[in-house]
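In order, the protein sequences belong to chains A and B. All letters in the first sequence, in the order written, are residues 4 to 117 by the numbering used here. All letters in the second sequence, in the order written, are residues 793 to 906 by the numbering used here.
None of these hints come from the bench; they were simulated from the model. Even for Gly, the Cβ is constructed at its ideal location relative to N, Cα and C. Incorrect hints may appear among the rest.
[Said to hold, decoys possible] Pair by pair, the computed Cβ-Cβ distance ranges are:
| id | chain 1 | residue 1 | chain 2 | residue 2 | range |
| --- | --- | --- | --- | --- | --- |
| 1 | B | 799 | A | 48 | 15 to 21 Å |
| 2 | A | 17 | B | 862 | 46 to 52 Å |
| 3 | B | 875 | A | 72 | 41 to 47 Å |
| 4 | A | 23 | B | 819 | 44 to 50 Å |
| 5 | B | 804 | A | 43 | 15 to 21 Å |
| 6 | B | 803 | A | 29 | 35 to 41 Å |
| 7 | A | 4 | B | 804 | 34 to 40 Å |
| 8 | A | 72 | B | 906 | 33 to 39 Å |
| 9 | A | 45 | B | 887 | 29 to 35 Å |
| 10 | A | 60 | B | 888 | 39 to 45 Å |
| 11 | A | 45 | B | 869 | 22 to 28 Å |
| 12 | A | 4 | B | 803 | 33 to 39 Å |
| 13 | B | 852 | A | 75 | 23 to 29 Å |
| 14 | B | 888 | A | 4 | 24 to 30 Å |
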Amino acid sequence: KNQVEQSPQSLIILEGKNCTLQCNYTVSPFSNLRWYKQDTGRGPVSLTIMTFSENTKSNGRYTATLDADTKQSSLHITASQLSDSASYICVVSDRGSTLGRLYFGRGTQLTVWP
Amino acid sequence: EADIYQTPRYLVIGTGKKITLECSQTMGHDKMYWYQQDPGMELHLIHYSYGVNSTEKGDLSSESTVSRIRTEHFPLTLESARPSHTSQYLCASTTDSHYNSPLHFGNGTRLTVT
């Protein structure tokens, strides 16, 4: 069964600290993995996409990694800011069908305290 | 920010009423989607469309219907609202059915059925 599991479910850190969010998936055949950020009361916004051949990709203070062998991805946030408080959702796409399909994780709720 | 709009943002309605949630995008995207999102849970696909006059049901059993008469407009209708329909409804669009391009989400409609 294709699944996406995220950990931790929630996380509280102090402003300025770093943190790492995890995503494990069993989706096969794999096409790509995308991290979304969802602010309270808003729709999710894409942060970064990882394809099979990519190991690391950065977007400002966000760095995503992918290990396609172990089917794990992480999102590292450096020097956290209050505006980083949000839900971070891992979404995996398969390539098993003509049209593709998305599998969503339940998200990690990050709270950054001053 | 993506140009996809949902109205209303909040809706409180009594059981048995008919409601329509509006979704419009100005990006010319062919692919549009409706998702249901409950706190702490993954997004569930309710309906999708790959173009005008094309609509399909998603994974989540739903008593709602959709229409796609114009590229930019993808409304969702509940013929008879029930308390079990209380949820957040997110509309999204993209250019690529294989998800190499990101989903662009609206800010959602928070529906409460009393």
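Going through the hints against the structure:
no., hint, in the structure
1, 799/B - 48/A: 15 to 21 Å, "holds, 20 Å"
2, 17/A - 862/B: 46 to 52 Å, "holds, 49 Å"
3, 875/B - 72/A: 41 to 47 Å, "holds, 46 Å"
4, 23/A - 819/B: 44 to 50 Å, "violated, 33 Å"
5, 804/B - 43/A: 15 to 21 Å, "holds, 19 Å"
6, 803/B - 29/A: 35 to 41 Å, "holds, 37 Å"
7, 4/A - 804/B: 34 to 40 Å, "holds, 37 Å"
8, 72/A - 906/B: 33 to 39 Å, "violated, 51 Å"
9, 45/A - 887/B: 29 to 35 Å, "violated, 21 Å"
10, 60/A - 888/B: 39 to 45 Å, "violated, 18 Å"
11, 45/A - 869/B: 22 to 28 Å, "holds, 24 Å"
12, 4/A - 803/B: 33 to 39 Å, "holds, 34 Å"
13, 852/B - 75/A: 23 to 29 Å, "holds, 27 Å"
14, 888/B - 4/A: 24 to 30 Å, "holds, 25 Å"
The structure fails hints 4, 8, 9, 10 (numbered hints given earlier, in ascending order).
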